[in-house]
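2 protein chains.
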Amino acid sequence: MSQPIRLALLLGSCRRNGNTPGIASWVQKLVDARLNPAGTPKAFDIIPVDPTKAPHPYGPIIDGSRLPAQINDAQEYSTEAIQEWSQFIASCAGFIVVTPQYNGGYPGELKNAIDHLYREWRGKPIITIAFGGHGGGKCAVQLQGVYAQLKMRIPVEPVCLTLPRTYIEGEERVSTDGKYPDFLAQYVDAVGEAADGLKASLVSNESN
Amino acid sequence: MSQPIRLALLLGSCRRNGNTPGIASWVQKLVDARLNPAGTPKAFDIIPVDPTKAPHPYGPIIDGSRLPAQINDAQEYSTEAIQEWSQFIASCAGFIVVTPQYNGGYPGELKNAIDHLYREWRGKPIITIAFGGHGGGKCAVQLQGVYAQLKMRIPVEPVCLTLPRTYIEGEERVSTDGKYPDFLAQYVDAVGEAADGLKASLVSNESN
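Protein sequence lines, in the order shown, are assigned to chains Z and D.
At position 120 of the first sequence (counting the first as 1) the number is 120 in UniProt numbering, and the numbers step up by one without a gap.
At position 98 of the second sequence (counting the first as 1) the number is 98 in UniProt numbering, and the numbers step up by one without a gap.
Think of the hints as simulated: they come from the structure by calculation, not from any bench.
Incorrect hints may have been included.
[Stated by the list, open to error] Which bits of chain D does chain Z cover? Going by a derived footprint, with three or more residues having C-beta under 8 Å, they are:
(1) 15–21
(2) 52–63
(3) 91–104
(4) 108–117
(5) 150–164
All C-beta atoms, glycine included, are put in the ideal place defined by N, C-alpha and C.
Work the whole structure out from these sequences, hints included.
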């Protein structure tokens with residue numbers, strides 16, 4: 001029996017008291033249910049990546065004696081943390097990004113995580129679930145420019161979630177406890193279709 | 001005699017062995033000469049900000065109990081480092097960003113530095129000197145989207161510097177030693193005009 005295909009779920013931010021961990025847990029459950037139907041062998045393994053924990057390299061690129069694009073072997077990265085990040089991302093067949101929009105763009109820690117590597121991303125499919133008070137679409141557009149530059153594949157349009165103001169400016173938060181707020185229900189189909197697109201892109205790549 | 005107007009020169013990256021410190025030093029000299037003509041009292045004070053040193057807050061936003069947009073007083077920020085960053089940025093009348101393009105976007109540490117604050121940026125003018133193997137224009141466009149979201153003023157188009165391949169992929173680097181490579185000469189006028197635009201924007205704001 002073959003190993004499950006590994007997908008990383010990259011959390012754009014782990015700001016304390018933010019909505020990312022809750023929305024990411026909701027996305028993970030939906031995508032898992034869609035790609036691993038009950039009664040079938042597990043085909044996909046979805047691994048959440050918290051920007052504050054290894055293998056995420058955290059922080060900016062400090063050593064730049066060589067550009068990531070010039071590195072062909074993970075052993076050539078300057079620190080063990082980046083070597084580990086490289087090996088992890090290289091082991092993943094595709095990516096799901098769940099990210100807040102910050103000031104019309106992506107969070108810095110997400111961009112740093114991407115920029116530490118280069119060849120590890122190339123040719124792989126990536127889907128984006130962005131969110132914000134107005135849907136996070138500006139963040140998603142900026143990310144798609146970055147993915148394109150890295151020659152990643154973008155099988156579907158980003159899913160953009162509009163959070164009620166009480167979740168942005170007020171006290172309410174999407175929790176990881178499994179009880180998800182009603183406003184997310186309207187996006188269930190879109191996340192499922194994005195998961196289908198990711199799967200189709202992986203399958204089409206394997207058959208190439 | 002009035003105090004010089006304070007401008008911050010934000011370095012987008014301090015990757016070791018990168019070109020940012022050298023290009024930033026070249027920009028600082030040009031802007032200083034343009035805004036502080038010989039024989040006149042010093043009108044503008046240009047302060048370089050290295051992302052690896054205070055008052056730059058480094059790293060991502062960790063505490064998010066309140067959004068920067070909800071904070072009206074620097075004392076309300078969660079750490080002394082962010083309070084210091086807030087006070088510094090609040091003390092500046094305008095900004096010059098000198099940044100490399102990374103993978104079609106801005107470096108993560110630059111975005112983190114911006115996202116730590118909110119009201120401190122609002123209404124202030126900002127000019128951008130971006131660079132890369134193809135001029136860094138994609139980075140500049142993404143930054144302008146962020147500035148617009150923050151309701152900053154953008155008095156001039158970004159200046160985009162195309163670095164020779166030997167400065168990107170090879171061993172050559174723009175040094176801070178005051179001997180600048182010939183390829184930069186073609187951009188001297190554009191940087192001077194950007195400085196004029198920044199000054200005009202500051203003056204027009206004062207007269208409002």
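Against the structure, the hints come out as follows:
Figure legend: the segment 15–21 of chain D, annotated as covered by chain Z; annotation consistent (4 residues with Cβ-Cβ distances under 8 Å, at least 3 required). By the rule of at least three residues with a Cβ nearer than 8 Å to a Cβ of chain Z, the coverage given for the segment 52–63 of chain D holds, with 7 such residues. For the segment 91–104 of chain D, the assignment as covered by chain Z holds, since 3 residues bring a beta-carbon within under 8 Å of that chain's beta-carbons and 3 suffice. For a cut-off of 8 Å, the count of residues in the segment 108–117 of chain D with a CB near a CB of chain Z stands at 8, and the three-residue condition holds.
With 1 residues having a Cβ less than 8 Å from any Cβ of chain Z, the segment 150–164 of chain D misses the three-residue criterion, and the hint is violated.
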